[in-house]
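Trainee: What follows is the residue order along each chain.
There are 2 protein chains.
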Amino acid sequence: MHQSQLFTKTRREDPSDETSKNAKLLIRGGFVHKEMAGVYDYLPLGLRVFNKIVGIIREEMNAIGGQEVVLSTLQDPELWKKSGRWSDEAVDNWFKTKLKNDAELGLGFTHEEPLTNLARSHIVSYKDLPRYVYQFQTKFRNELRAKSGIMRTREFVMKDMYSFSRSEEEFRQFYEECAVAYMNIFKRVGLGGITYRTFASGGSFSKFSDEFQTVSEAGEDHIYIDDKKRIAVNKEVYKDEVLKDLGIKKNDLREAKAIEVGNIFPLGTRFSEALGLTYKDENGKQMPVIMGSYGIGPGRLMGTVVEILSDEKGIIWPESIAPYKIHLLSLGTEKKVISAADGLYKTLTKAGVEVLYDDRDLRAGEKFADADLLGIPYRAVVSTKTIAEDKIELTERKTGHTSKVTAKELLSL
Amino acid sequence: MHQSQLFTKTRREDPSDETSKNAKLLIRGGFVHKEMAGVYDYLPLGLRVFNKIVGIIREEMNAIGGQEVVLSTLQDPELWKKSGRWSDEAVDNWFKTKLKNDAELGLGFTHEEPLTNLARSHIVSYKDLPRYVYQFQTKFRNELRAKSGIMRTREFVMKDMYSFSRSEEEFRQFYEECAVAYMNIFKRVGLGGITYRTFASGGSFSKFSDEFQTVSEAGEDHIYIDDKKRIAVNKEVYKDEVLKDLGIKKNDLREAKAIEVGNIFPLGTRFSEALGLTYKDENGKQMPVIMGSYGIGPGRLMGTVVEILSDEKGIIWPESIAPYKIHLLSLGTEKKVISAADGLYKTLTKAGVEVLYDDRDLRAGEKFADADLLGIPYRAVVSTKTIAEDKIELTERKTGHTSKVTAKELLSL
Chain L
0 MHQSQLFTKT RREDPSDETS KNAKLLIRGG FVHKEMAGVY DYLPLGLRVF
50 NKIVGIIREE MNAIGGQEVV LSTLQDPELW KKSGRWSDEA VDNWFKTKLK
100 NDAELGLGFT HEEPLTNLAR SHIVSYKDLP RYVYQFQTKF RNELRAKSGI
150 MRTREFVMKD MYSFSRSEEE FRQFYEECAV AYMNIFKRVG LGGITYRTFA
200 SGGSFSKFSD EFQTVSEAGE DHIYIDDKKR IAVNKEVYKD EVLKDLGIKK
250 NDLREAKAIE VGNIFPLGTR FSEALGLTYK DENGKQMPVI MGSYGIGPGR
300 LMGTVVEILS DEKGIIWPES IAPYKIHLLS LGTEKKVISA ADGLYKTLTK
350 AGVEVLYDDR DLRAGEKFAD ADLLGIPYRA VVSTKTIAED KIELTERKTG
400 HTSKVTAKEL LSL
Chain Z
0 MHQSQLFTKT RREDPSDETS KNAKLLIRGG FVHKEMAGVY DYLPLGLRVF
50 NKIVGIIREE MNAIGGQEVV LSTLQDPELW KKSGRWSDEA VDNWFKTKLK
100 NDAELGLGFT HEEPLTNLAR SHIVSYKDLP RYVYQFQTKF RNELRAKSGI
150 MRTREFVMKD MYSFSRSEEE FRQFYEECAV AYMNIFKRVG LGGITYRTFA
200 SGGSFSKFSD EFQTVSEAGE DHIYIDDKKR IAVNKEVYKD EVLKDLGIKK
250 NDLREAKAIE VGNIFPLGTR FSEALGLTYK DENGKQMPVI MGSYGIGPGR
300 LMGTVVEILS DEKGIIWPES IAPYKIHLLS LGTEKKVISA ADGLYKTLTK
350 AGVEVLYDDR DLRAGEKFAD ADLLGIPYRA VVSTKTIAED KIELTERKTG
400 HTSKVTAKEL LSL
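Chains L and Z, in that order, give the protein sequences.
Per numbering that gives the first Met the number 0, the very first residue in the first sequence carries number 0; after that it's consecutive.
Per numbering that gives the first Met the number 0, the very first residue in the second sequence carries number 0; after that it's consecutive.
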């Protein structure tokens with residue numbers, strides 16, 4: 000991509016109406032645009048990052064047998080009345096709307112009800128189980144406040160998976176497989192070492208659920224980490240009897256603020272019983288299906304990465320989710336520089352390397368500042384000086400380490 | 000994919016609450032699920048088709064310089080008041096909702112207003128133009144009636160592109176490039192020969208707009224086709240003075256019902272003036288940006304393909320958008336059949352061929368009926384008979400033509 004043609008521009012100043020680091024940097028870099036509090040658009044560079052995160056999650060979900068669907072936003076009240084989750088008293092963050100005939104509809108904040116209902120058409124016998132179904136779908140949550148940038152918004156894409164199993168044992172096996180897949184995802188997006196599987200309240204569904212918490216001062220959660228076991232306990236269940244139950248010693252724990260980047264929930268028969276999802280077992284007996292739900296918000300993950308992998312100059316994207324791998328900069332307007340940079344851009348893109356090419360007529364300082372802000376892993380500079388040496392000046396964003404390389408070396412990075 | 004593990008099942012009977020052919024076949028095949036009138040979920044097989052259509056559209060939009068974004072569903076009334084499109088009198092298909100503080104929001108039915116507004120942050124000078132920005136985004140339209148299956152729904156993904164140009168000339172050049180890209184898309188999804196660029200009303204924006212109409216009895220539009228010129232005129236502008244204007248003779252026209260599968264609109268300065276999107280020209284003068292909009296609904300395209308490319312037995316997907324390329328069927332429960340079919344499935348998938356493998360313990364007749372209904376281009380049968388001949392029985396869904404082929408021939412299809 001020629002940066003001179005890019006739809007978005009960077010800006011030097013922080014937006015005045017944002018307090019979170021992720022929103023400030025993402026807006027300055029032109030990755031996102033704020034429509035209103037808690038509502039963001041994804042612009043070309045931001046969408047590339049977002050889609051790479053989605054791609055990683057999809058791979059991991061497919062690897063454990065997930066089948067992808069997309070359910071609707073508009074929700075029929077009848078299904079939600081069956082589970083007792085339609086009223087605003089039961090669920091305090093519904094967005095609701097109306098059809099022309101005045102019939103009320105909801106905007107889905109999650110999808111247990113419609114998916115359980117539709118599974119009734121496809122799951123009949125024990126032979127139809129287990130099944131794992133997931134989607135990347137836009138959720139709507141009528142949050143009172145929204146001040147954490149793209150980490151907590153009123154409208155966001157969620158990867159929500161639902162498992163349908165015959166027995167508690169079959170369910171637990173998948174639940175643990177999914178926990179492993181989740182840790183793979185956090186590792187692959189660059190948050191591996193600081194993300195902990197965390198015991199949390201199971202709400203009305205079960206004794207415990209599992210959260211995945213990434214340590215960050217920007218987090219809204221408080222967790223207690225056991226560094227030896229590499230697990231944590233959410234403050235909400237940090238009680239003597241719970242710790243005893245889990246075999247965790249208080250003295251082994253340290254407190255930290257953290258961002259909830261994923262969660263997995265045992266649902267038991269809560270929804271299958273309410274909506275009538277049963278299967279015929281080997282003996283011909285109708286049994287309720289055992290369910291679980293598994294959520295990750297790719298936008299929240301992206302925001303978390305920015306909170307953690309950034310410095311005073313800008314973002315430091317991990318290569319796995321960077322909008323481009325190489326940021327190629329031409330310095331100066333001399334013909335031979337432009338022609339060398341043009342040639343290098345062609346060579347790299349032809350070889351399938353993702354390159355953002357800053358071909359704009361700007362001073363070196365401005366280009367360097369933009370490169371630091373955008374946070375593409377490798378900055379490659381072409382100037383009269385580098386041409387004289389028949390080399391390219393390569394700087395790694397993460398370490399700041401600079402070296403002189405050949406075009407061939409750049410290709411095999 | 001092993002069909003025994005597929006989340007969805009087919010059904011023999013038409014759903015009783017659908018009148019359109021596309022909804023009947025897509026629901027029977029388990030491609031989609033109806034949540035309520037005009038609201039559908041995409042299930043694994045349906046989502047594969049949908050995503051292939053999206054992929055084709057994306058390629059064509061990128062090829063003409065499109066840059067992809069995703070804007071929000073939730074809409075701030077302030078922007079729409081500026082263009083005069085907020086009130087329900089001005090726009091009769093808004094879905095509206097409310098924040099906790101009772102402030103009203105809209106659910107976007109299109110995105111001229113927010114995109115024009117956000118472009119103000121990025122388009123400043125003549126050097127920032129032209130720009131072409133598109134998205135695949137869920138639109139909400141509060142339709143009074145919805146009875147055309149997935150072709151006209153209350154919630155649907157639209158590919159909407161918006162062009163920003165410096166002059167009428169620059170705008171027209173892109174408009175024509177986009178018209179060519181649109182015809183490429185219709186051709187690639189299998190609707191080439193029967194889709195016509197069609198003069199239609201420009202509404203409040205301009206004299207004419209261009210629709211792309213696919214001839215079908217299921218269509219809601221009436222068009223008049225000039226077969227020699229391969230263009231058409233929508234009934235709404237079928238008037239003597241218009242025909243004269245366009246140089247079309249009434250006698251050359253034939254009437255047909257058609258489905259509007261795409262449209263492109265000159266917007267002039269309608270939105271740039273209302274929302275204050277100007278650029279500084281070479282002489283330092285502030286000028287309003289000339290805009291256009293370009294829409295295609297991948298779901299409507301999918302429904303149109305089903306209306307047209309189907310027979311009494313089911314769907315006939317073109318290979319370009321089929322959920323899988325090959326439908327592999329094992330007949331019987333003999334060990335050597337299962338082992339041969341398993342082996343062939345492995346060989347094909349390893350080579351990157353997309354295969355749905357019907358490994359279920361069902362009678363041949365049931366498997367054949369499902370294969371016809373699902374409409375995958377090639378059906379490959381493995382049975383005791385084919386093993387004896389060391390061949391595979393290959394049947395093309397489109398023609399019904401059957402032949403005996405080797406595994407190697409199957410691989411190079």
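For the record, the hints were derived by calculation from the structure and aren't laboratory data.
Fair warning: this is a prediction, and the values are worked out from it, not measured in the lab.
One thing to keep in mind: the hints can contain errors.
No copy labels: a pair is met if it fits in one copy or bridges any two.
Taking lysine-lysine pairs in the DSSO-like style, the calculated list, with each CA pair at most 30 angstroms apart, reads [as the list claims (entries may be wrong)]:
| hint | residue 1 | residue 2 |
| --- | --- | --- |
| 1 | Lys256 | Lys99 |
| 2 | Lys33 | Lys335 |
| 3 | Lys349 | Lys33 |
| 4 | Lys126 | Lys384 |
Trainee: Against the structure shown, which of the earlier numbered hints fail to hold, in ascending order?
Mentor: The structure conflicts with hints 2 and 3, although it agrees with all the remaining ones.
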